[in-house]
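Engineer: Line order of the protein sequences matches chains X and A.
Per this note's numbering, the first sequence starts with residue 1, numbered consecutively.
Per this note's numbering, the second sequence starts with residue 1, numbered consecutively.
Keep in mind the hints are simulated off the structure, nothing from the lab.
Even glycine gets a Cβ: it sits at the ideal position worked out from N, Cα and C.
Treat the hints with care, as some may be off.
Claimed, not checked - Which chain A residues face chain X? A few, computed with CB under 10 Å, are given here:
hint, residue
1, 44
2, 48
3, 57
4, 155
5, 306
6, 308
7, 309
Said to hold, decoys possible - In silico negatives: residues of chain X with every beta carbon more than 12 Å from chain A:
hint, residue
8, 55
9, 96
10, 181
11, 261
12, 268
What follows is the residue order along each chain.
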Amino acid sequence: MAFETRRLILAGGAAIALALAAPFAAAPADAQGKVFRWANDGDVNSMDPYSRNETFLLAFLQNIYEPLVRRSKDLKLEPGLAEKWGQTAPTTWFFDLRKDVKFHDGTSFNADDVVFSLNRANGKGSNMLTYFATVKAIRKVNDHRVEVDTNVPDPLLASKWAQIFIMSKVWAEKNKAETVGDLTKNEENFATRHAMGTGPFKLKSREPDVKTVLEANKDWWDKKVEHNLSEVVFSRIANAGTRIAALRSGEIDMVYTVPPQDTDTLAKDPNTKIVQGPETRVVYLGFDQHRDELLYSNIKGKNPFKDKRVREAIYRSIDVEAIKKTVMRGQSFPTSLMVAPGINGYTKDIDKRPALLKPDDAKKMLAAAGYPNGFEVTLDCPTDRYVNDEKICQAVVGMLARIGVKVNLRAQTRLKYFAQILLPKADMSFFMLGWSPAATYDVHDVFINLIQTYNPETKKGQFNPGRYSNAKFDDLADKVQVETDTAKRNTMIGEATKIYTGEYSYIPLHQQAVIWATRKNVDLVQTADNSFQIRWVKIK
Amino acid sequence: MVAFLLRRLFQAVIVMLTVALVAFVLFNYVGDPINAMVGQDTSIQDREKLRQDLGLNDPIPVRFARFVANAAQGNFGLSFRTAEPVGRMILERLPATLELSIVAALFALLVGVPMGVYSGLHPKSVGSRLLQAVSLIGISLPTFLIGILLILIFAVGMGLLPSFGRGDVVNLGGWTTGFFTASGLKALIMPAVTLGLFQLTLIMRIVRSEMLEVLRTDYIKFARARGLKARAINFGHALKNTLVPVITITGLQLGQLIAFAIITETVFSWPGVGQLFVTSVSAADMPVMSAYLALIGFLFVSINLLVDLLYFAIDPRLRTAQAAAKAS
Chain X
1 MAFETRRLIL AGGAAIALAL AAPFAAAPAD AQGKVFRWAN DGDVNSMDPY
51 SRNETFLLAF LQNIYEPLVR RSKDLKLEPG LAEKWGQTAP TTWFFDLRKD
101 VKFHDGTSFN ADDVVFSLNR ANGKGSNMLT YFATVKAIRK VNDHRVEVDT
151 NVPDPLLASK WAQIFIMSKV WAEKNKAETV GDLTKNEENF ATRHAMGTGP
201 FKLKSREPDV KTVLEANKDW WDKKVEHNLS EVVFSRIANA GTRIAALRSG
251 EIDMVYTVPP QDTDTLAKDP NTKIVQGPET RVVYLGFDQH RDELLYSNIK
301 GKNPFKDKRV REAIYRSIDV EAIKKTVMRG QSFPTSLMVA PGINGYTKDI
351 DKRPALLKPD DAKKMLAAAG YPNGFEVTLD CPTDRYVNDE KICQAVVGML
401 ARIGVKVNLR AQTRLKYFAQ ILLPKADMSF FMLGWSPAAT YDVHDVFINL
451 IQTYNPETKK GQFNPGRYSN AKFDDLADKV QVETDTAKRN TMIGEATKIY
501 TGEYSYIPLH QQAVIWATRK NVDLVQTADN SFQIRWVKIK
Chain A
1 MVAFLLRRLF QAVIVMLTVA LVAFVLFNYV GDPINAMVGQ DTSIQDREKL
51 RQDLGLNDPI PVRFARFVAN AAQGNFGLSF RTAEPVGRMI LERLPATLEL
101 SIVAALFALL VGVPMGVYSG LHPKSVGSRL LQAVSLIGIS LPTFLIGILL
151 ILIFAVGMGL LPSFGRGDVV NLGGWTTGFF TASGLKALIM PAVTLGLFQL
201 TLIMRIVRSE MLEVLRTDYI KFARARGLKA RAINFGHALK NTLVPVITIT
251 GLQLGQLIAF AIITETVFSW PGVGQLFVTS VSAADMPVMS AYLALIGFLF
301 VSINLLVDLL YFAIDPRLRT AQAAAKAS
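Between the sequences and the hints, there should be enough to build the whole structure, so can you do that?
Structural biologist: Written out as structure tokens, the structure is:
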């Protein structure tokens, strides 16, 4: 009886719901432009552009603040606050500034703001120090020219500084925000919640973790305005189900983080669409190639991963296309390089994975290396960092079982994972990581961080926990760092790439897809660095 | 009475210290906050320096003592995630959680008690069976599922209610409230129903069984025999005598509502302290986590205290017992 009644109520409720179902009203627009509402699973953690070096924060703040040199839709450099830039000598850069730029409070922009901002980003509490590693001195030449001296020739300086945004000096000094907020003191920094830049949008209001409202900057220097918005409302909706529901009901126009399982539904819904493409991040597997005995293996007294044949057998037994089809639901872009298209130094003609081995051939290769019965090893994996990270590892476990390598999976949350995997601990034998050369958009960032020999003094190979080491490669990478002749540089990049791929130093798997979802009437531009620029949004 | 209050206050401090200590020990298993704070290419040296500066290399007892000493002065530090003062972060979000919990509790009481009375008075009727069936749904379906179902029906399907957020709020001297705007009230409906549903069914079932119990007692029979009106008997005598357990449960559940609003807040993106806590856990934002847990400890203790005081007001027997104890 009770069950029947319950079913009846449920059925009744559903019937009422269906009967009353009606489309949600479209977002209202004012006379000058449209209101664009969008959401992400996490908030912009701060309004201070040097407080965190993370993609989402930098992308968001680039609506309010601007760099000297900015990136175009295809990630090429183009004039931002600097009209012209270049090198007057191998160790000297110049930036000629725009003259007609005003901050959101109406004050003029000049070289003082640039020198102040660069020093602030290179100062105490800043998380952007990486971008200043080569900088010796920053000086104002006149109101519209700034010069920078570097310790060594740095061909990538302008490229790096596309991530460094310029803030008003007068404003920062007036509000005692001359340095980035210091976590160890108990005082809040004004720039954490407020912003004063020159960008296409002004910060109108900010409720952390709830809502951040921007309004269009009508006095923006760039007269080629491509958006048609008057206001932008960014909400934080942590729960994936709710975020997708809010998009489908029309309460928001765009979702930045879309769970892979919802892409089909959203693509089929007549009111929404999916925008996707490859991300610049490459997800890969790595080996401990340093220790004389693996920490987590049944092989004692030697390290099988030091043998190139073992690495090759494993590399060529992992079917990335199968991972793409089954685990990633088609939303991955298999690769054989540690850099992705869109990054300077990616070479399409050598991005070819060697053919898969038949299990018997792989077994023979292992036998030749001295492991006729295979071996056992632990694979470390994060569970919440990359798209389907744990499932990819599970697939790898299955694939390697076929060649007699018994892989034990140890999966854990990223906050514990990275502390364990990364140097100096490097407490692992076989691991998964992902990397996007977000600092420079150049292959050298991958070389120096992931592949060069680990050296704490020179800060090279800091993210090479497997400690792959090749003297010839190191030499080439050092030359690539300072070579300013593009043709020569590209030849060396090609050579270096052949070394690390030929040695099976890492197993690149794929680039995951950047997936955004919007209402049908929204036009936007998706760049491969997953950096969402509102200045390219148009609502029909 | 004063001695009683003081004793309770002392207990409260002990409870909060214990909660904070347990929290501190647990933090070691949450993971490394540094990794959530810096960019991927921050050097090993810079990471280590930050860890040192934040005092994360110190042993737990030292960190705990520092936390207690600072907290005693009302200083909870800056959030690792946002670099904002933790005290203010929590205070800013507290109104949202309190409004939601109180509305949910009121919903549970105002709907649950009449439902309970009705099904207690007419245990065999079709209506009661219907209510019982509904309450079964409330008890057996998990909160997040109810929340998502409501969103699918009322936000996606009908477009009547907002699926997330608090709507427009009015700021009254630091207290943000959604009570005075249409969008604020609309936004409150689904989260409050979701959060209150479990309590509603609980209250309804307790009132029902208590009513059934009380209605069998002699004094009700005598009241009937004296010819009192059914209304006076049911509400003046029967219901009043069922209230002690109801108040206990409601009080304890109010603490639960606030503490476990976490799930509802996450589902509806309700900007309260629960959501703040979840976000902080995923970033291993220790200053926020410890302050939040201490606050929840404080809330539970004070609600229990209030409930104890309410007993005195409702049950005359307790008052006489205390008076007798004093006299002897």
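Engineer: With d taken as the least Cβ-Cβ distance between residue 181(X) and chain A, does d exceed 12 Å?
Structural biologist: violated (4 Å)
Engineer: Mind verifying the non-interface call on residue 268(X)? Its CB should be farther than 12 Å from each CB in chain A.
Structural biologist: holds (14 Å)
Engineer: Is the interface hint satisfied for residue 308(A)? The criterion is a beta-carbon contact with chain X at less than 10 Å.
Structural biologist: With a closest approach of 36 Å, the residue 308(A) hint is violated.
Engineer: Using 10 Å as the Cβ threshold, decide whether residue 44(A) counts as touching chain X.
Structural biologist: Holds - the Cβ of residue 44(A) comes within 10 Å of chain X, reaching about 5 Å at its closest.
Engineer: Holds or violated: the hint that residue 309(A) contacts chain X, with Cβ atoms closer than 10 Å.
Structural biologist: violated (35 Å)
Engineer: Evaluate the condition: distance from the CB of residue 261(X) to the nearest CB of chain A exceeds 12 Å.
Structural biologist: holds (14 Å)
Engineer: Report holds or violated for the interface hint on residue 57(A), using the least CB-CB distance to chain X and a cut-off of 10 Å.
Structural biologist: Residue 57(A) check fails; min Cβ-Cβ to chain X is 13 Å, beyond 10 Å.
Engineer: Given residue 155(A) was flagged as interface, is its beta-carbon under 10 Å from a beta-carbon of chain X?
Structural biologist: holds (5 Å)
Engineer: Grab the minimum C-beta distance from residue 48(A) to chain X and call the hint holds if it beats 10 Å, violated otherwise.
Structural biologist: Because about 8 Å separates residue 48(A) from the closest Cβ in chain X, which is inside the 10 Å limit, the hint holds.
Engineer: Going by Cβ atoms, does residue 55(X) stay more than 12 Å from chain A at every point?
Structural biologist: Since the minimum Cβ distance to chain A is about 9 Å, residue 55(X) lies within 12 Å and the statement is violated.
Engineer: Just to be careful: measuring from the Cβ of residue 306(A) to every Cβ in chain X, is the smallest value less than 10 Å?
Structural biologist: violated (30 Å)
Engineer: Is residue 96(X) truly not at the interface, in the sense that its beta carbon sits beyond 12 Å from all beta carbons of chain A?
Structural biologist: holds (29 Å)
In summary, the structure is inconsistent with hints 3, 5, 6, 7, 8 and 10 from the numbered list given earlier, while agreeing with the others.
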